[in-house]
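Take the given structure of chain B and dock chain C to it, following the hints.
Residues per chain, in single letters:
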Amino acid sequence: MATAAFSHEREHYLNKEYGIRSWLLTTDHKRIALLYLVSITFFFFIGGFLALLIRLELLTPAGDLVQADTYNKLFTMHGQIMVFFFLIPSIPAVLGNFLVPLMIGAKDLAFPRINLLSWYLYILGGILMLHVLLTGGVDTGWTFYTPFSTAFSNTKVIEAGVAIFINGFSSILTGLNFVVTIHRMRAPGMTFSRLPLFIWAHYATSIIQLLGTPVLAITLLLVVFERAFNLGIFDPNRGGDPLLFQHLFWFYSHPAVYIMILPAMAVESEVVACFARKRIFGYNFVAMSSIAIAVFGFLVWAHHMFVAGISLYSALIFSILSYLVAVPSAIKVFNWTATMYKGSVSFTTPMLYAFGFIGLFTMGGLTGLFLAALGLDVHVTDTYFVIAHFHYIMVGGAVMGYLGGLHFWWPKISGRMYPEAWGRLAALLVFIGFNLTFFPQFILGYLGMPRRYWQYPPEFQVLNVLSTAGSTILAVGYLLPMVYFLWSMRYGKIADANPWGAAGLEWMTSSPPPTFNFDETPEVTWEAYNYEHIPAAAEVPVER
Amino acid sequence: MFDNLPLWPARASTTAGSVDALYIFLVALSLFVSVAIFTMICIFALRYRQRKGREAEQVEGSTILELTWSAIPLAIFLFIFAWGAVVYFKERTPPRGATQIYVVAKQWMWKLQHEEGQREINELHVPVGRDVEMIMTSQDVIHSFYVPAFRIKQDVLPGRYTTLWFHATRSGTYHLFCAEYCGTQHSGMIGQVVVLEPAQYEAWLSGGLASGSLASNGQNIFQQLGCVTCHRSDTQGRGPNLVGLFGKRVPLEDGRTVIADENYVRESILNPSAKIVSGFKPIMPVFQGLVSEEQLNALIAYIKSLNQPPAGAAATPSLVSPSTKPQEPKE
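Sequence order for the protein chains is B and C. First residue of the first sequence: 0, per numbering that gives the first Met the number 0; consecutive thereafter. First residue of the second sequence: 0, per numbering that gives the first Met the number 0; consecutive thereafter.
Rather than coming from a laboratory, the hints here were simulated on the basis of the structure. In this text the structure is predicted, and so the values were computed from the model without any measurement. Where hints are given, some of them may not hold.
Unchecked claim - FRET-style restraints, in silico, Cβ to Cβ:
#1 C:P197 to B:L311: 27 to 33 Å
#2 B:A420 to C:F78: 45 to 51 Å
#3 B:G231 to C:D130: 36 to 42 Å
#4 C:A74 to B:L133: 51 to 57 Å
#5 B:I493 to C:E54: 25 to 31 Å
#6 B:L311 to C:T228: 37 to 43 Å
#7 C:V85 to B:A227: 42 to 48 Å
#8 B:L311 to C:E54: 55 to 61 Å
#9 B:R9 to C:R48: 33 to 39 Å
To be verified - Not everything, but these chain C residues come out facing chain B in the computed CB check (under 7 Å):
#10 P5
#11 Y22
#12 L25
#13 M39
#14 F43
#15 A44
#16 F80
#17 E90
#18 R91
#19 R150
#20 T161
#21 F176
#22 Y180
C-beta: ideal position from N, C-alpha, C; glycine also.
Chain B on its own, in the form it takes in the complex:
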């Protein structure tokens, strides 16, 4: 960029205005993305701290570090904070917010002020959740199962329910904004078939957020009302049905898993294409598999309920539908792998995360086959097998995707390069720490250790110690990027517009981008991932 050579700095979205007001009242999607980045990082470390306390308690079979009630609150709040205040907003609200307009050649999202409102709703819900955490906590499990949550728990169920209810609207508004933006604001020539797969996956995610989240909101309101006014919707003594709650809850909360994993798949497609320097193999199939996952994802909720007391025949239906939703996920894994065929593969930090993602997501997906198998699910459901399975998907998949994406677009977001060697080291630590933490839990689960146990029979101890050891490595792996990202903002090497030599409109504007993203509205005349026309870049190390 010619302007970068001048001594005074080029104007971009970060230096256009200064001061706290310019951030809290911004309607720039990039600044809002950074607001989200800071807030979800805060909640990630709170949730992670709770997880460490859980792992420390489980070092010994006896319940000796914290009280039983405290332990129950720890895993409850770990789940609620990580799911609702970190994982669900993570990629969409940070990377999606930053990149959706850039990738389609728009100046901003369709509703910039609604975008800011969604962040304030997130913060409002978050403050309420912190209030719950600091004034006694909640102990229902993140799943709020009735009648325990409505009639038996003595903790702050109503406040936690309201916090998640409010937070849900932030998710709905983000989804709404993306759907409208992707339909209405694409640059000239940017047809649907030219969209990056990142956009396709975010489109699918947004549909789930729009259609699913209201159901969660209604369900939580029912819990709050039942608890406050004794309505009797879930109380069998008044003709209510506790299983009704589980149906409603999982109708949202199973698709919610796809809200977490589809955006990680979105990142995966961009990163693999860039560092294999190839168009994604089977673009149409990868794009359509995102939509298929979003649609089928709504039809599998009762696979969480095979031992809950549903009828034999409905269990059969939900089992077979769960196998159908596994097909599009498998298609994606095969296509990412095939993308590297005859490519030109480099092992940068984002690519290491992408490899990690494929490996861990594959393990998570394969163990999902175990859980969808009815006769086997009876034994392993509600044990550590399930815990391991969904952490492979939600941490091994979603968080690896998030971290990979954060590294990949960090030069665009901050205008600086992160230190590559530290990045690779952290990626390696995360991968090793993750597997050491969660792999032993598969074995624990098959042995029969139930989840949410404060104390456990002594024969399970060795595997639990391994898991706790792994979690400390994982913690270091997560802390490192925070340190060197902060460091790089001041000391990192200046990034040029396209340090990776990547395809995509976001790389055609300067780093960091100007407030309205492009000096001139781009006109798209090429397909996505046209790597044959993009020169390889200096930042990517080349072997001789």
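Leaving out everything else, chain C in the frame of chain B:
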């Protein structure tokens, strides 16, 4: 060494073998798939790593390849589905003639009632080689009855009965866990299943302090609560005759029919006007809150026992008065 680091759970029921077989198949399949994908990634990443002077070759996708790697997984998935469904069907269908044991779960203990009258807390004695069916309900929140050595689990709900069954194959003492989070002492809601050889089991049965069978307890409650005044064993009662009722199809006043199973009998005691039997008036008082879960179980056991005609009587609903002689359950 495996006392401290067990890698496989004890296998002590007929179900355990079939669950383990499916598990082993899936572990093998997962290993194969992970190794295959891992190998492909390594080969591609190393073979096609970036080098000076070499550019990526753009390869378009291949529809045939896409369809192949969609269809093959789909076929495998459907196979796993079918296998899992077969195992599940067996797990969820109690064999006829199984010994019935009633379970009442509460925060934070398991209460068990045997047909023979024995009661236990957090400990369940069962014999090797017999089908045992658990009929379970909860007094408060949802619990889950889980015996890893049997590979069986079933949530236990308030307000209704759920069932599970097993056929123990090996004597020993096994964990009984609550697997659905139920509050403070969830992890303390554990117990043991003691599987005994038949002779030891008989000795255990006769050594207890049981005061009459569960059904005879039920009969006493039936009389104490005055049920007997209307539910007479002739056709003159103001309530339906209960002899031979259990398991039969019952015509209702609104034209529907229901099977008289545990959940129906339970509802008809607690909230009688919910389903009125054809030809009768809704005059029965509500017993919600007046009978405990254990008493309900005894009443149900008693009503079931009315299906066995006493020696010499005809199989058709007879005129035998339930108040004359306690009728022992089978065996």
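Checked hints:
For the hinted restraint 27 to 33 Å between P197 of chain C and L311 of chain B, the CB-CB distance of approximately 31 Å keeps it satisfied. Between A420 of chain B and F78 of chain C the CB atoms are about 47 Å apart, so this pair conforms to the stated range of 45 to 51 Å. As the Cβ distance of G231 of chain B to D130 of chain C is approximately 38 Å, the hint placing it in 36 to 42 Å holds. Distance hint check: the CB atoms of A74 of chain C and L133 of chain B are about 53 Å apart, consistent with the given range 51 to 57 Å.
Here the CB-CB span from I493 of chain B to E54 of chain C is close to 28 Å, well matched to the stated 25 to 31 Å. In this structure, L311 of chain B and T228 of chain C meet the distance hint of 37 to 43 Å, their C-beta atoms being roughly 39 Å apart. One distance hint, 42 to 48 Å for the beta-carbon pair V85 of chain C and A227 of chain B, holds here, with the actual separation near 46 Å. For L311 of chain B and E54 of chain C, the Cβ-Cβ distance of about 58 Å falls inside the hinted range of 55 to 61 Å, so the restraint holds.
In this structure, R9 of chain B and R48 of chain C meet the distance hint of 33 to 39 Å, their C-beta atoms being roughly 36 Å apart. Interface restraint check: P5 of chain C against chain B, minimum CB-CB distance 5 Å, threshold 7 Å, status holds. The interface hint given for Y22 of chain C is met, as the beta carbon of that residue sits about 6 Å from the closest beta carbon of chain B, less than 7 Å. Interface hint status for L25 of chain C: upheld, as the beta-carbon distance to the closest one in chain B is roughly 5 Å, under 7 Å.
At a threshold of 7 Å, the smallest CB-CB gap from M39 of chain C to chain B is about 5 Å, leaving the interface hint in force. With its C-beta approaching chain B no nearer than about 4 Å, F43 of chain C sits inside the 7 Å limit, and its interface hint holds. For A44 of chain C, the interface hint holds, the least distance from its beta-carbon to any beta-carbon of chain B being 5 Å, beneath 7 Å. Given hint, F80 of chain C at the interface with chain B, holds; its Cβ is 5 Å from that chain's nearest Cβ, closer than 7 Å.
Hint on E90 of chain C holds. Least Cβ distance to chain B is approximately 6 Å, under the 7 Å limit. The criterion of a C-beta within 7 Å of any C-beta in chain B is met by R91 of chain C, whose closest approach is roughly 5 Å, and the hint holds. The criterion of a C-beta within 7 Å of any C-beta in chain B is met by R150 of chain C, whose closest approach is roughly 4 Å, and the hint holds. Annotation: T161 of chain C was flagged as interfacial toward chain B, and the flag holds, the nearest CB pair being 5 Å apart, inside 7 Å.
With a cut of 7 Å, the hint placing F176 of chain C at the interface with chain B holds, because the nearest CB-to-CB distance is about 5 Å. For Y180 of chain C, the suggested interface contact is upheld, since its CB lies about 4 Å from the closest CB of chain B, less than 7 Å.
This entry satisfies every hint, going by the numbered hints stated previously.
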